[in-house]
Amino acid sequence: MASLLVPHVLALFDLDHTLIETRGVGREMYERVFPAVTGTSFRKLATVSGRTELDIIRETLDLHGLEPTDATIRQLASALVAGYAAARDELRARGRALPGAKETLVTLAADPAIHQGVLTGNLREVARIKLQVFGLAEYLDLETSAYGDDHRERYELVAIAQRRAAERTGLTFDNEHTVLIGDTPKDVEAALAAGVRVIGVATGKFSVAELREAGATAVVPNLNNVAQLVSPYLPPSNDSKNSSSNRSPRSP
1 MASLLVPHVL ALFDLDHTLI ETRGVGREMY ERVFPAVTGT SFRKLATVSG RTELDIIRET
61 LDLHGLEPTD ATIRQLASAL VAGYAAARDE LRARGRALPG AKETLVTLAA DPAIHQGVLT
121 GNLREVARIK LQVFGLAEYL DLETSAYGDD HRERYELVAI AQRRAAERTG LTFDNEHTVL
181 IGDTPKDVEA ALAAGVRVIG VATGKFSVAE LREAGATAVV PNLNNVAQLV SPYLPPSNDS
241 KNSSSNRSPR SP
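In this text, residue positions in the sequence shown follow full-length UniProt numbering: the first is 1, and each later residue adds one.
Check before you lean on any hint, since a few could be wrong.
[What the hints assert, rightly or not] Label pairs and their calculated CB-CB ranges:
(1) Glu-167 - Pro-112: 15 to 25 Å
(2) Thr-172 - Arg-32: 40 to 50 Å
(3) Ala-209 - Glu-103: 21 to 31 Å
(4) Arg-43 - Ser-231: 29 to 39 Å
(5) Asn-175 - Glu-143: 14 to 24 Å
(6) Glu-143 - Ala-113: 14 to 24 Å
(7) Asp-70 - Ala-36: 13 to 23 Å
(8) Gly-39 - Asn-222: 26 to 36 Å
Since the hints were derived computationally from the structure, they do not count as laboratory data. Owing to the predicted nature of the structure, the values given are computational and were not obtained by experimental measurement. Ideal placement from N, C-alpha and C gives every residue a C-beta, glycine not left out.
Given the sequences, and given the hints that come with them, work out the whole structure.
See the structure below:
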């Protein structure tokens, strides 16, 4: 039971534009599967940044004048998973892991006090495919993560990930020691709504200033310093309660 005494933190990474980029494959996947599922020509995709796939599917159906029934949403989600599974080679050729992504995950994975997963708007199986294609899956616990088909509201995913991590590890991951890492104000909003910490990374289309204004606990321009920022969130051990580990990281 000694492991229960080890200070621990739950680090949850967003996926698209935080760890990877697919360079347009996501939109094109909707163009490919939408007509077959709905019988309607694809015209417009809902805004996707920081949203869950369930929310994106629902609004995209609305934009086409189609009723977002549970059955249609499930069919579109299944078609998207099948589409990504068939497009692994294309995804590998067009997309990439962002600079510093693998290095950050490797560093955190080596620390027994840090448990890392993903909190993403992607469907579970789509997230798995993307992470496998770009060589990042082995560093993350995908069974204790939360996905865009777990709940429509992104902030609700935080408690889902915490519960799964607790069930899998026997540890309790409270809000003070749960950290989200993401590239959009939506990531920040979700973290704040759930009452957890958040590190903004300006690796997507939002700037350091925009992420800071959204209320991120810390903001960095890239992934290079994320591992160092996560460590200060560890709770103090019995012999280091007054150490510098109690300090919250500050934005550079």
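Against the structure, the hints:
Taking 15 to 25 Å as the suggested C-beta distance range, the pair Glu-167 and Pro-112 conforms, at roughly 19 Å. The hinted range of 40 to 50 Å is satisfied by Thr-172 and Arg-32, whose Cβ atoms lie roughly 43 Å apart. The hint said 21 to 31 Å for the Cβ distance between Ala-209 and Glu-103, and at roughly 26 Å that hint holds. Judged by the Cβ atoms, the range 29 to 39 Å given for Arg-43 and Ser-231 is violated: they are separated by roughly 47 Å.
At roughly 21 Å, the beta carbons of Asn-175 and Glu-143 sit within the given window of 14 to 24 Å. The hinted window of 14 to 24 Å between Glu-143 and Ala-113 holds, with their beta carbons roughly 19 Å apart. Checked against the given bound of 13 to 23 Å, the beta carbons of Asp-70 and Ala-36, roughly 19 Å apart, stay inside it. Look at Gly-39 against Asn-222: about 44 Å separates their beta carbons, and that is not inside 26 to 36 Å.
The structure fails to meet hints 4 and 8 from the earlier list, while all remaining hints are met.
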